[in-house]
Every structure is written in structure tokens, then in C-alpha cells.
Amino acid sequence: MKSITGLNAKLALLLVVLALLSLLPGRAGWLLPWNLQGNDAELARLIFWELRIPRLLLALLVGAALGLAGAVLQGLTRNPLAEPGLLGVSSGAAFGAVLAIYTGLGAAFALAIPLLGFTGALLGTMLTLALGAGGGVLSLILAGAAVSGLLLAGTALVLNLAPNPYAAYEISHWMMGSLADRGWAQLFLAAPFVFAGIGVLFTTGRALDALSLGEQQAASLGVDLARLRRQVVVGTALAVGGATAVTGTIGFIGLLAPHLVRAAVGHEPRRVLWPAALAGALLLLAADVATRLLPLAQELKLGVLTGLIGSPFFLWLVWRMKARSP
Amino acid sequence: MIPLAARGLVVRREGSEILRGIDLDAQGGEFIAVIGANGAGKSTLLAALAGLLRIDAGEVLLDQRPLADIAPRDLAQLRAWLPQNPRAEWPLSVERMVALGLGPRLRGFGEAGPEEQARIATVLADTDLIALRARAVTTLSGGELARAMLARALVADPAVLIVDEPLAGLDPQHAWDAARRMRALAVEQGRLVIASIHDLNIALRRATRVWALHEGRLLADGPPATTITAALLGELFGMRAEIRGSGSSAYVDFAP
Amino acid sequence: MPLFRHPRFLLPLLACACAAAAAAEPPRRIVSLNLCSDQLLLELVAPERIASLTWLSRTDGEPALRVLAARLPSNRGSAEEVLAARPDLVLAGRYTTSTTRALLRRVGIPMLEIDAVQDWEGIRRVTREVAAAVGEVARGEALIAQMDAQLATTATLRVSTPVRAIGWSGAAEDVPGRDTLFDTILTTAGAVNIAAQPVGGSGFDLERVLRQRPRLLLRGTAHDGDRAVRSWAANHHVLQALPGLSVLEYSEGAWACGVPRAAAHALELARALRALPEPAQ
Chain F
382 MKSITGLNAK LALLLVVLAL LSLLPGRAGW LLPWNLQGND AELARLIFWE LRIPRLLLAL
442 LVGAALGLAG AVLQGLTRNP LAEPGLLGVS SGAAFGAVLA IYTGLGAAFA LAIPLLGFTG
502 ALLGTMLTLA LGAGGGVLSL ILAGAAVSGL LLAGTALVLN LAPNPYAAYE ISHWMMGSLA
562 DRGWAQLFLA APFVFAGIGV LFTTGRALDA LSLGEQQAAS LGVDLARLRR QVVVGTALAV
622 GGATAVTGTI GFIGLLAPHL VRAAVGHEPR RVLWPAALAG ALLLLAADVA TRLLPLAQEL
682 KLGVLTGLIG SPFFLWLVWR MKARSP
Chain Y
1053 MIPLAARGLV VRREGSEILR GIDLDAQGGE FIAVIGANGA GKSTLLAALA GLLRIDAGEV
1113 LLDQRPLADI APRDLAQLRA WLPQNPRAEW PLSVERMVAL GLGPRLRGFG EAGPEEQARI
1173 ATVLADTDLI ALRARAVTTL SGGELARAML ARALVADPAV LIVDEPLAGL DPQHAWDAAR
1233 RMRALAVEQG RLVIASIHDL NIALRRATRV WALHEGRLLA DGPPATTITA ALLGELFGMR
1293 AEIRGSGSSA YVDFAP
Chain U
14 MPLFRHPRFL LPLLACACAA AAAAEPPRRI VSLNLCSDQL LLELVAPERI ASLTWLSRTD
74 GEPALRVLAA RLPSNRGSAE EVLAARPDLV LAGRYTTSTT RALLRRVGIP MLEIDAVQDW
134 EGIRRVTREV AAAVGEVARG EALIAQMDAQ LATTATLRVS TPVRAIGWSG AAEDVPGRDT
194 LFDTILTTAG AVNIAAQPVG GSGFDLERVL RQRPRLLLRG TAHDGDRAVR SWAANHHVLQ
254 ALPGLSVLEY SEGAWACGVP RAAAHALELA RALRALPEPA Q
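Protein chains in written order, with our numbering: chain F, 382 to 707; chain Y, 1053 to 1308; chain U, 14 to 294.
Among the hints, erroneous ones may be present.
Once the Cα atoms are required to be at most 20 Å apart in a straight line, the calculated SDA-like pairs of lysine to any residue come out as [to be verified]:
| # | chain 1 | residue 1 | chain 2 | residue 2 |
| --- | --- | --- | --- | --- |
| 1 | F | K682 | F | L568 |
| 2 | F | K682 | F | G586 |
| 3 | F | K682 | U | S244 |
| 4 | F | K682 | U | Q253 |
| 5 | F | K682 | U | G183 |
| 6 | F | K391 | F | A409 |
| 7 | F | K682 | F | A577 |
| 8 | F | K682 | F | K391 |
| 9 | F | K391 | F | G647 |
| 10 | F | K703 | F | S692 |
| 11 | F | K703 | F | H554 |
| 12 | F | K682 | U | E186 |
| 13 | F | K682 | F | M557 |
| 14 | F | K391 | F | P406 |
| 15 | F | K682 | F | I385 |
| 16 | F | K682 | U | A98 |
| 17 | F | K703 | Y | W1228 |
| 18 | F | K703 | F | L462 |
Source of the hints: derived by calculation from the structure; they are not laboratory data.
All chains, full assembly: derive it from the sequences and hints.
Pasting the structure below:
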């Protein structure tokens, strides 16, 4: 018991430190509070409050949501390869958001974007779980890939038919995932959905623990499996759908975060939840800072960076899993 | 001492009848061995008695209440159930896995308190797992895992324990040991223990009662010594069999 | 970036077209496959002689010409549409696909490729080229004369101190830098394009834009307005909160075309620059 609170405390502390540090760098230069006077100070204050703070909060919120969603999905499927990006959740959310944006719904009614993001994510999650759960370790991944493919095709269709001729060009950037140039408006748009999703996901802890013994034993312990599945699907769709609607698709945080903390909490699904959320926030924040510090001509997109780091890790996980299974 | 009963129990799957009208009564203090050929319906019967299956006709009564009327959480505290070859999907420690059995008792986000911790320790001691309490369950041997799962089932202090093939894959020492435990749970602690068993000698010598299942019907029901006969075995398994010896040294001899 | 021209291909064609124009009928069924050639065409020839324009000119081109463009047949640049229009001259640009071009060459339809130009001299050159090809030399000269007059007026209206300005439409990758028509228009009107001076790496995210302290932010509008992801950043609250920053909208499609009408934009901008509120000190 002590090690869990200890772990959470350490992660939280690390997070606070990184959060404070993350406010200093930007692609246009460092904002060192002791270096500014007069007009400079006023501009710095504005950049700080309108750009950097919302960006930080968004990174924490989205990172926590992704890490938690990954932990819950892995607990539900008893499969350490599960994560929102691989199970069609993110592509569903992207499909919904793109639909909202390019049909003009989002312009008329801003909440339409995270709302449709949630709906798309719901669709993606339900489809993947319906197709892939109950099969072996890799069948879920296959189902996720198939559903993602379907949803990406849907997204391409929307772009194809969009009246905006630059739609395809724009969205290829948006899909790479980014926190740049977001402000309070985007934070407030996503926050209700993400918070609601996080809340729902946290209630699945005990049932996920029981699920460690397999579905039958969990049922004998009084777990309502259908209800649990609904909670996971809705919670994930809310959290990831809301987040994706504002940031574009960011993958692999949900895969990495639970994996990093699982051994430290004795592999118990319920105990993974909080640390995975904190670790997810840490990872995403660190990645975002990295995109600002890397001396490239263009700012590296967040989703590209997480993909570059996450994909090799995912392949390594698969290889290790195959090496261990008979 | 809680009675368990089935009345006209019928279970159908994919058009065929797996259980064709089963009537039975049982209560605490009995260690009941369910014997029968593969496909006779033993697993289905046990799952139905545990309330984990949809029943097509008839009913199962626990403490004279139909199972359908008992909330799953309350049911979980009254009866424990173990499937064939139970496994844990994550490498939990033995202690934490056993604690999962307390799930129904714990509300909300609370961790196991001192009472629960004591209970876990007791049940670990009863199953000789104290030395292994911190080991990952995925590293246990067959016999150790069987004991750990039993501990998980017992930690909630259930009045009824239903186990599907608890002796599968165990070597003779561990198998007889497990049978001894189950008998003690019934006879000494007053629980109702129902287990499907393939080893007829163990059934003969350790069970207090035998249910013989054949093609979905209860063919025989009674004390092992009088129920397990050559005729019964011939009908159950389609093989010639003889009971040699007598009393506590009786054994089954199959002539293939 | 100037399009690669093929002089070997073009000169005989031009000669042929010029000869045809001078000696025989000027082209009566002209197809344009490029927004900028659309704009030029609409100003040079009578509508009856235009067989087809790109659909973009209805939505993204010069606002004053959109209504006219909407009345004419439109194409999406496919070879089939071009052939179906039975053109006797095709105007193409840098985005015209090579398959279409190859097909036209094979079928023997005269085609003129128009450079994308970034400065006034280039505009004069291209206007004369196209005017000659379509048989409206006098009209071409008239457009150029009008352009020169507007440029002269702009010069007199230009503010004494160049105004720091930048084009920001919500995407860091889309900020027009140097060697663009946008840049020329700004400079002519009396502004200095912040993005034209290298500040270490390209890609102007909003923070970098702000730190450069522009007095004027030119926000580009494609016809769809808010139906785009970049509109979030383009409408970022910080742009309203920053004192001393003015925001003006401009039509990206119209400002991207090297045609004489670009001078009108420069004139408009010069007037706007004079009308800017004084920067608070």
C-alpha cells in the first residue's frame, strides 16, 4: 500500500516540476521572467497567459486522459498491447472531428466538434471490441487496425467531398497531432468531455481487478461484465474523443504510460490507473517540450514525435510477447 | 449450513439439451464429487448451480431462494466458484490475487483493512502459501497455483464452494492433498463443496457423496461406497470396470 | 517559386499563336486551368470567348470577378473536361498535371503555360504574353496602364515609416515569406513583411509572430471562412488582447495571383496603413 502512494507522490512531484519548467521555453525563445522589462514584460505576460498556460493545462489533461484510457483498455482486454490509438478510438475521434469541421457544423456550434469526436470515438471503440475481443492477443490489434482503416477511409471521404479545396492539405497537418497555438477556448471546449471521461474511467478499477482472474471468475465475484464494457467504451470515447477533437491524433501515450508504471504497482489493474494518468501527463508534457526545443526548421508535430518513439516500443512489445508465448 | 437445490434444471445450447431436467438437494457438510464422461454436462451443471449460466427451465435455489432473485454481489459472498484451469492474466503476487476474492466485500475505493488482511493471512496459512505470498502467480507450479486459487475462493468465507476439475493436471500427491483439503472444508468447517472429479479413486475414498452425470441426466446420487459400482461405471464410461478391495482400501480397476 | 518554363516548347507555340492571332481569328474557345490565368482571362476577353474556367475562380478568386466567373462553365482541371470544351487555346499554370499537358500536346491543342510571378515587372510580362496569345493586345496594355497608375498613387499614399506586418492565417506553415507576391504588395504599400527577414528557421507559430511585434496582422480568408482547422488559431483570443496590433482580412486567392489587379490590392493596403491607429508608446 505504501509503495503506491509513494509512487503517485513521486510522479506528481515530477509533474509539477516539469510543468513549471515547461513554461519557460518556446520556439521563439525562452521567457525568463527575470529578463523582461516594460513592453517586453507585457507581451511576455500575454504570451504566458494566453498561449503557454493553456497549452500546459491541455498537455496535462490530454496526457492524463490518454494514459488512463490506455490503462483501462489494457485492463479490460487483459492485453498490454491495447491503447486508444491502436483500437480505433483515435481514428474514430478524428473522423468525427473532421466531419464537424468541414461540414461547417463546428463553425456554427463549437461544441459540435468534441461532441462528434466523442461519437466517432464511441463508434470506433464499439466496433473494435465487438470484432476483436474474445480472440487471442493479436486479434484485438487486428480488429483495431481494420476499424482504424475504415475510419480513415471515412475521413478521407469527408475531405474529398469538402467544399474547402485545401481541406486535405490542412488536415494532413492536423492529424499529426499538436498542442501549438491552442488557447483557453480549446481547453474549455475539450475539458468537460475529458473530465467526464476520466471520471467514468476511474470507476472501473475494482471490476478490472476482478477481471484479472478471467471473465468467468469475475462474473462469479459479482462483476457485471456488460456494464463494465459500457463504462469503458463510454469513458474512453469521452476522454479520447474530447481530447482528439482539439489536438488531433496523438498515439502511443496510452500504450507507454501504463507499461512504465505497471511493474511498480504489482500489475494490479486498479492500482495502475492513477500512476498511468500521471505518467501519461508527464510523457505528453515532456514530448511537447521536446517539440519546442528541437532545433528543426518546422516545429515537429507532437503526434509525429510520440509515433517515432512509440512505434519501435510497440514493435518491441509485440516481439517480446511472441517470444514468450508457446 | 446453507442448502442448495435444483428443480427440473434444463439447459439448452445451440439446439441441444445439455442438462435434461436435474433434481438434486445438497447442504453444508457434504463433499460431493460429480463424476461422468467428458461431455456429460458436468461443467454446465456446476456453472448452473453457481448461477453463471442462463437456465432454460427449472430453477436453482440457494438457501431456498431462487438464484435469479439474489443480487450478484450477495451471491458472490455466499458461494465461490472456480473454473477449469483457472489462471490470472497479470503476474500479481499470490497475496494480492487472493485478496481479489474479497472484492465483493470491499466498497468503493477502500483498500483491505486490518480485518481483511488477517483473513488473507489465515487463508494463506490454511493453504500452505505463506512462504509464497509475495511470488508472482505466473511463476507458480501447477499444485501451488491450484492452492492459490482455492485460497482466493475461500478468503471470502463462502458457505458453498463449487469447483470445476480442481485436480486436473496435479500429480498424485497434490491431487490427494487437494481432496483432503476439500473434505476438511466440508466435514470440519461445514461448507458445501461440490467438485467435478475424474479420479474415481479419490471420489471413492474422499467424497461424502457422489453425483453421476450421464448425457445430461443424474444417473445416480448417493454415498460413494454404494453408488460407485461396476455397473454404474460401465454405463458412464462404456468400459468394463471392477471395484476391488473394500472399505477404505477400495479402488477402481478398469479393464480396457 | 517561379515555374520552370520550357522555352523550346513555348516559343514556337507563342509564335504560332501570335501568328494565328495576327493573321487569322483570335481564339474563341479559351479554357483556363489555373486560378490566376482565370483572373487574367476574365479581365482580358469577352465572356463569350471563355469556354471554361476553374471552379476556384467562383469561390477563391478576386471578389469582384466571382459573379462573372459563376456564370461561366467551370472545370476541375481534368483532361476530359478540357477536351469536352473543344478549346482552341488552353491556359495552364504550375499545378496543371503533366498528364493533361502531355495529352494536349499530343492532340495538338495550343497551350500557354503561365509563370507564377512575384513582382510588377513580371506581371507586366505575363499580361502581355497572355494578351498576345488571346488576341487582345490593346486590352492588355490598358490593364497594365491602369496598374501603373495605381502603383503611382500608391507611391504617393505610402506612409513614411514602413509598418511591421505579417500574414498569419492560423497555420505556422502558411506564413508568406520573401519572394512572394504578398511580400511585393506589402512592400509597395509601405509595410515590411516580418516573415521576409529570416529569423532563424521558418515556421511562424503564434508566439513567434507576436514576439516580432507586428503592428498589422493580415489574416487570410479562403472562401470557406471558419470551415477549417486553422480558424481556431487564426481567431486566437490573444490577437484581440494584444494592444497595438491591428488585424485586417484579405483574400488569399486574390492576393496570390500575379495579375494587374494586384496593384489595386497594394493601393487598398496603402490606404489601410494610413488609417491604422497610432501605436501606443
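Now for the hints, and whether the structure bears them out:
1. F:K682 x F:L568: 19 Å, holds
2. F:K682 x F:G586: Violated, because 33 Å separates the two Cα atoms, which is more than 20 Å.
3. F:K682 x U:S244: At roughly 18 Å apart (the allowed maximum being 20 Å), S244 of chain U and K682 of chain F satisfy the hint.
4. F:K682 x U:Q253: Cα-Cα ~26 Å, so violated.
5. F:K682 x U:G183: 15 Å, holds
6. F:K391 x F:A409: 32 Å, violated
7. F:K682 x F:A577: 27 Å, violated
8. F:K682 x F:K391: 29 Å, violated
9. F:K391 x F:G647: Given that 20 Å is the threshold and the Cα spacing comes to 17 Å, the pair holds.
10. F:K703 x F:S692: 17 Å, holds
11. F:K703 x F:H554: Cα-Cα ~35 Å, so violated.
12. F:K682 x U:E186: Roughly 12 Å between the alpha carbons, so the hint for K682 of chain F and E186 of chain U holds.
13. F:K682 x F:M557: 6 Å, holds
14. F:K391 x F:P406: 24 Å, violated
15. F:K682 x F:I385: 34 Å, violated
16. F:K682 x U:A98: Status violated; Cα separation ~44 Å.
17. F:K703 x Y:W1228: Violated: K703 of chain F and W1228 of chain Y sit about 36 Å apart, past 20 Å.
18. F:K703 x F:L462: Answer holds: K703 of chain F to L462 of chain F is near 12 Å, not above 20 Å.
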